[in-house]
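Using the sequences provided together with the hints, build the complete structure.
So the sequences go chain by chain: B and U. Position in the first sequence (first residue = 1) + 89 = our numbering. Position in the second sequence (first residue = 1) + 25 = our numbering.
Keep in mind that the hints were calculated from the coordinates and are not lab data. One should not assume that every hint holds.
Stated by the list, open to error - Among chain U residues calculated to face chain B with C-beta under 8 angstroms, some are:
1. Q78
2. G85
3. L86
4. V109
5. A110
6. F114
7. S117
8. G129
9. N152
10. V153
11. H154
12. E156
13. G186
14. S187
Said to hold, decoys possible - Derived SDA-like pairs (lysine to any residue); straight-line CA-CA distance at most 20 angstroms:
15. K122(U) <-> S425(B)
16. K122(U) <-> D166(B)
17. K172(B) <-> K137(U)
18. K84(U) <-> R133(B)
19. K84(U) <-> D167(B)
20. K205(U) <-> R133(B)
21. K154(B) <-> N152(U)
22. K122(U) <-> A424(B)
23. K172(B) <-> K122(U)
24. K136(U) <-> K154(B)
25. K84(U) <-> P174(B)
26. K84(U) <-> D166(B)
27. K165(B) <-> P132(U)
28. K137(U) <-> G423(B)
29. K123(U) <-> S425(B)
30. K122(U) <-> L528(B)
31. K165(B) <-> G85(U)
32. K140(U) <-> A424(B)
33. K165(B) <-> G134(U)
34. K165(B) <-> K140(U)
35. K84(U) <-> L528(B)
36. K211(U) <-> T171(U)
37. K154(B) <-> P155(U)
38. K172(B) <-> Q135(U)
39. K172(B) <-> D82(U)
40. K172(B) <-> P155(U)
Glycine included, each C-beta is placed from N, C-alpha and C at the ideal position.
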Amino acid sequence: MLNRQANVLLFSILVLALFASIPIPVAGRANLGHPIYAIPAFSRQYGTSCSTCHVDFPKLNDFGKAFKDAGFKFPKDDETFVKVPPVMLGSPAQKELWPHTIWPGTIPGLPPIGLRFNTFLQVVGRNRNNFNLQTPGDPTAPFIPRTDFQTGLLSIFMAGNFGDDIAFWVDDDISVGGSGADGGLGDGYLKFVNIGRHLKLPTDALSLRIGQFELDLPFSPARSWNLSGWDIYDQANISSVNSILGLPTVSNSFAMSNAAQGVEFSGGHSYRGYHYSLAIVNQNTSGGTAAGNNVPPVVAYTSDSNFKDIYARLSYRFNLERDPASRNEIQAAGASGPHDHTYLNLGTLYFYGRSVQRFQGQDGSGVPRVLTAREPFYRMGADFSLNYHTFNLIGQYMYGRDQNLLPLLPAGFTAPTGLIRGSPASFSGGFLEADYLPLPWLMTIMRWDAVHSTADLINGIGATPDSDIGSFVSPFHATRNRFTPGVQFLIHANIKASFEYQIRPQQIVYDPTTGALLTGAFRTNSAIAGLDFVY
Amino acid sequence: MKRNVLVLITVVMGFSLAAIAGTISGQVSGVAGQSVVYVDAIPGKTFPPPTEQPVIDQKGLAFHPHVIAVQAGTTVAFLNSDSVAHNVFWASVGGNKKLGHNLGTWPQGQKKSFKFDTAGVVPLFCNVHPEMSAYVVVAPTPYFATSDLAGNYKMENVPDGSYTVTAWHEGTKSQSRPVKVSGDVKADFALSK
Numbered sequence: 090m091l092n093r094q095a096n097v098l099l100f101s102i103l104v105l106a107l108f109a110s111i112p113i114p115v116a117g118r119a120n121l122g123h124p125i126y127a128i129p130a131f132s133r134q135y136g137t138s139c140s141t142c143h144v145d146f147p148k149l150n151d152f153g154k155a156f157k158d159a160g161f162k163f164p165k166d167d168e169t170f171v172k173v174p175p176v177m178l179g180s181p182a183q184k185e186l187w188p189h190t191i192w193p194g195t196i197p198g199l200p201p202i203g204l205r206f207n208t209f210l211q212v213v214g215r216n217r218n219n220f221n222l223q224t225p226g227d228p229t230a231p232f233i234p235r236t237d238f239q240t241g242l243l244s245i246f247m248a249g250n251f252g253d254d255i256a257f258w259v260d261d262d263i264s265v266g267g268s269g270a271d272g273g274l275g276d277g278y279l280k281f282v283n284i285g286r287h288l289k290l291p292t293d294a295l296s297l298r299i300g301q302f303e304l305d306l307p308f309s310p311a312r313s314w315n316l317s318g319w320d321i322y323d324q325a326n327i328s329s330v331n332s333i334l335g336l337p338t339v340s341n342s343f344a345m346s347n348a349a350q351g352v353e354f355s356g357g358h359s360y361r362g363y364h365y366s367l368a369i370v371n372q373n374t375s376g377g378t379a380a381g382n383n384v385p386p387v388v389a390y391t392s393d394s395n396f397k398d399i400y401a402r403l404s405y406r407f408n409l410e411r412d413p414a415s416r417n418e419i420q421a422a423g424a425s426g427p428h429d430h431t432y433l434n435l436g437t438l439y440f441y442g443r444s445v446q447r448f449q450g451q452d453g454s455g456v457p458r459v460l461t462a463r464e465p466f467y468r469m470g471a472d473f474s475l476n477y478h479t480f481n482l483i484g485q486y487m488y489g490r491d492q493n494l495l496p497l498l499p500a501g502f503t504a505p506t507g508l509i510r511g512s513p514a515s516f517s518g519g520f521l522e523a524d525y526l527p528l529p530w531l532m533t534i535m536r537w538d539a540v541h542s543t544a545d546l547i548n549g550i551g552a553t554p555d556s557d558i559g560s561f562v563s564p565f566h567a568t569r570n571r572f573t574p575g576v577q578f579l580i581h582a583n584i585k586a587s588f589e590y591q592i593r594p595q596q597i598v599y600d601p602t603t604g605a606l607l608t609g610a611f612r613t614n615s616a617i618a619g620l621d622f623v624y
Numbered sequence: 026m027k028r029n030v031l032v033l034i035t036v037v038m039g040f041s042l043a044a045i046a047g048t049i050s051g052q053v054s055g056v057a058g059q060s061v062v063y064v065d066a067i068p069g070k071t072f073p074p075p076t077e078q079p080v081i082d083q084k085g086l087a088f089h090p091h092v093i094a095v096q097a098g099t100t101v102a103f104l105n106s107d108s109v110a111h112n113v114f115w116a117s118v119g120g121n122k123k124l125g126h127n128l129g130t131w132p133q134g135q136k137k138s139f140k141f142d143t144a145g146v147v148p149l150f151c152n153v154h155p156e157m158s159a160y161v162v163v164a165p166t167p168y169f170a171t172s173d174l175a176g177n178y179k180m181e182n183v184p185d186g187s188y189t190v191t192a193w194h195e196g197t198k199s200q201s202r203p204v205k206v207s208g209d210v211k212a213d214f215a216l217s218k
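Spelled out as structure tokens, the structure:
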């Protein structure tokens, strides 16, 4: 066990390192730039409002879920709703000539482009810099301004259908935080919808998605309607620094919200009954997927493109309308018109992957060689969504565990010669969120996020029973814990003003050397206001 | 013999009525698209409701027609031709919010009907497709007309007399003016937003 002083030192180093690698919702790097996607291209194509598919965009209503399931088109009679006819890439009659001609398809009649921009104001409590008291005079200590205007994302996204149930999606952040082009590709994929029909499977039993995509999470961070992301989906797993290596022995910056490259098989519907997905994706250890090569023979945290991670999800939605006929419809019928179903959706997820790190060691003869630690990890979780009229309660619990290989340093050697198993690095946590729309343009939100991470606690990112030292986002007994009430207003169907207030539990700060109390109990609360528009 | 007499009487009455009925025609200017012109309530006169049942269709995420004029007491049928769920509701009739009504939801290919007894403009909406809207203009008399896109209208068989004639157009303030009918008369309206 490291003493308090060492803990504090590691804390200081790792806070800086982790702030750069883990999206944390405050501390000068607000996690405000969620790629939020409502699709103006579809509004143009179908001549319909955002609210046809969205409840307080980008949150999907039942029809929006069915539209997405169907491959970005109306589930029935799509052609009768399209106001701008698609461009034919070959006459449909050409199908009869195949294989002596190219199979005919279509492209959207309008360029299927939508744009989105957002901007924010963040106000942080006056205690925001209390943690700097632990390192007085340190010029590298993070300074958090009291108020901070921030630009978010300028994003472009393109989506639609090429006919024959082939859907596409490409989005890219053109500008992030007011900077130039440093956002990069978000999702970019083709989805072959309902290919199970060729195998005589039930309708929509099997679809195939290929490219780069967000994992099929229960609640999409990419389509999150909140100003700050759900913490559990951004949780990485990074162990304490090993005294032999001078490096953490688990440094897996994979988070569930990361984009994945690979293929995904899916089926069922997200608006009724079962839904499943099974994805085989590139290994993603270091926050980015492998560049197509095998592990390079250098000392680094890296990824192995030959190894494929696996993600699986299964859910079942019970539509609870009294009218049996209405239960199977996309939207429930009612005396006041169609509306989202009253439903209970239960689901589970599982991710299995392997992280890779290479560090300098030596063989039994003392000759230097690179040691490769391949550490399997998994994430598993359960989720639910309960909807009643305009009230929606959602929840996610997740547990993550990484195998932790430690360097073996026999007596007489100056560098490790092998690896032995150490205590796994694990975390658990999740969120509960209640959304209520008293009016179609007004949504109120109450949310609780909590993450308990042994790795983070060891790193001083969060207080332990032995060391009551937290961090900006890490109060006692949890590495991240906050209540976040919020309210959102649709100024128009495509313009939204959002507010949220992040309430964190009380913290205290000790002098790292003497252990003397430096502050009384305080909170690191923060408020964020955002404006979002798509066009 | 009896039947022949009845036919004769009917023909004579018809000619007599035609002799004392006129036409109100003109143009509604200052706006684009269809307008509705109607004769306001005539004190002391009531009119039997018509038996025909006009249909408003919901197709391709739009109401068809967008504007319809009916006489008070008319039953209008609402058809859903789309494969998506629709709804028809109105928040008021002639600005009277107590007369707001929601017809609910019904499947593709089926109709739901409603009898509009009170005169006034009825803005129709669908609660899941906010871009959808239409107007039922419920006229208090059987003398009404829907203009063409250029604003030209013609009301026929209006008995001679003095009336108040009102022109309505979506998004504008209605305009009323006295019109004395004696044969064919002209009544133009200039509306503005």
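Ascending list of hint numbers which this structure does not respect = Going through the list in order, the structure violates hints 1, 7, 13, 14, 16, 17, 20, 23, 24, 34, 35 and 38 and respects the others.
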